[in-house]
Amino acid sequence: MIEKIDNTIQLAGLLLCFALSLVQLIRKRNMTWELMSLFYGGFLFGELYWLLYLLLYDETPRFITPDMAWYVSYLFLFLALQYLSGERFFKFRPVYALIPVFTVGMCVFFMQWGDYVSNILAAGFMTALIYRAGRGLDERRKSGVRDHYRTLCLLTLLYCALEYALWIISCFWMGDSLLNPYFWVDLILTVILVAIFFTVLKLEMQKEEKESAV
Amino acid sequence: MSMEYLYFCLAAPIAVAILCLEDRGKQTMDFLFAGMTGCLLSRYITDFVAVRYAANAMVAAVEIAPVVEEGFKFLPFLVYLLIFKPKKEWITGDMFALALGFATFENVWNLVENGGAGIFPILLRGLGVGAMHVVCASLISIGLLSMWDSFYLRVLGTVGLFLTSVAYHAVYNLLVLSRFSWIGHLIPLVTMISVLLIRSSKNPGTDEKGNSPGTSTREHA
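Order-wise, the sequence lines are chains A and B.
Mind the numbering: the first sequence is residues 1 to 214 in our numbering, read in order.
Mind the numbering: the second sequence is residues 1 to 221 in our numbering, read in order.
Calculated from the structure, these hints are not laboratory results.
Since we're looking at a predicted model, the values are computed, not measured.
Keep in mind that a hint or two might mislead.
[Said to hold, decoys possible] Keeping only pairs whose Cα atoms sit at most 30 Å apart, straight-line, the calculated DSSO-like set for lysine-lysine is: (1) A:Lys28 - B:Lys88; (2) A:Lys210 - A:Lys28; (3) A:Lys28 - B:Lys87; (4) B:Lys88 - A:Lys207.
Bound-form chain A, shown alone (with noise of 0.2 Å):
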């Protein structure tokens, strides 16, 4: 039960991030809010397929059909990181060498429980979003800049943490109640979801008063 209501409020949150997130499309019609768009909509169809699926049958999918979903918002949260940076695509600094170490240990670790083409596909997506952030905030303190991207990196790498917060609690933690602190942990993550929707919208607001200003 406990499952089905903290489902509810998490595709609530998105719901209303997908359509704000469209509204935005429809008056801006740019390439940002089309990927948070499809960022939001991908998590979205995953976690109605999630919901569905236990409201129905009274079981979860047994195949990788809704992590899919989940994936691909990885992919377009990078993909938007990405081009609000206007950066280069990929810039190597030793430091980073140590997310693939991390993503990809932590991948072997939940081959116990999981599927390994899940694991590898989580595994590669997780590298890329926390490499584009973490590279994001390592720009902003090389420079000394603190703007609404370098908000939006740190939600992002919160967002992260909290995934994977979630995958290792799964492994560890079973039961449908409040005790189990995959359901709060949830709830966070939702907040997250709701506040990288703002720091957007405030990042964009940003960059056309700027482009006014010229």
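With chain A fixed as given, assemble chain B onto it according to the hints.
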């Protein structure tokens, strides 16, 4: 009636048209033909995967079929994009023809397999399936069009848009096979009508093709 007989009945006239037509007309027929062939092949592969993983009919329909069907719709299109390097303005029409070929064959096969349950359920299903395939095709083609000019967006966006269409298709199949099948059919219809309304209300900052200035030419690679 076997599925192959039905395929020959529907695809043979299109094959004749392909031989007779030229240029864009031929190309549209090629995609209709590819869509019907893709639908036939996707049924084989779905059945194969379902047997391989001992999945029942429901799991096959809601978890395996969306991935396989979207894959068979997308693969010919991907080959076309990579090998023939089509003009940007052709992409939407070609993807629609592919989706319509797929939807037509799927609808007729469903009618032959399950029979008719009255004009309204058949009409709703026909429109629902058609709209769902068109929405998935629109998602890929319109998305790709806007991401076309940037290399990294084109490559990664193609993967992302394909997976998004799989997710949309999966939600549709899940609802259609439940007792709320009418909601399932209505979702793509409502989506399609909304897209048409949005397209008809052009943004004041866009040109006659609906492109905002500089949107498709921004390069961040």
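Structure-based check of each hint:
Pair hint lysine 28 (chain A) plus lysine 88 (chain B) holds up; C-alpha atoms about 22 Å apart against a cutoff of 30 Å. Restraint check for lysine 210 (chain A) and lysine 28 (chain A): satisfied, since their Cα atoms lie roughly 16 Å apart, inside the 30 Å limit. Note on lysine 28 (chain A) and lysine 87 (chain B): the hinted pairing holds, with a Cα-Cα distance of about 26 Å set against a maximum of 30 Å. Of the supplied pair hints, the one linking lysine 88 (chain B) and lysine 207 (chain A) holds, its CA atoms being roughly 29 Å apart against a limit of 30 Å.
Of the numbered hints given earlier, the model fails none.
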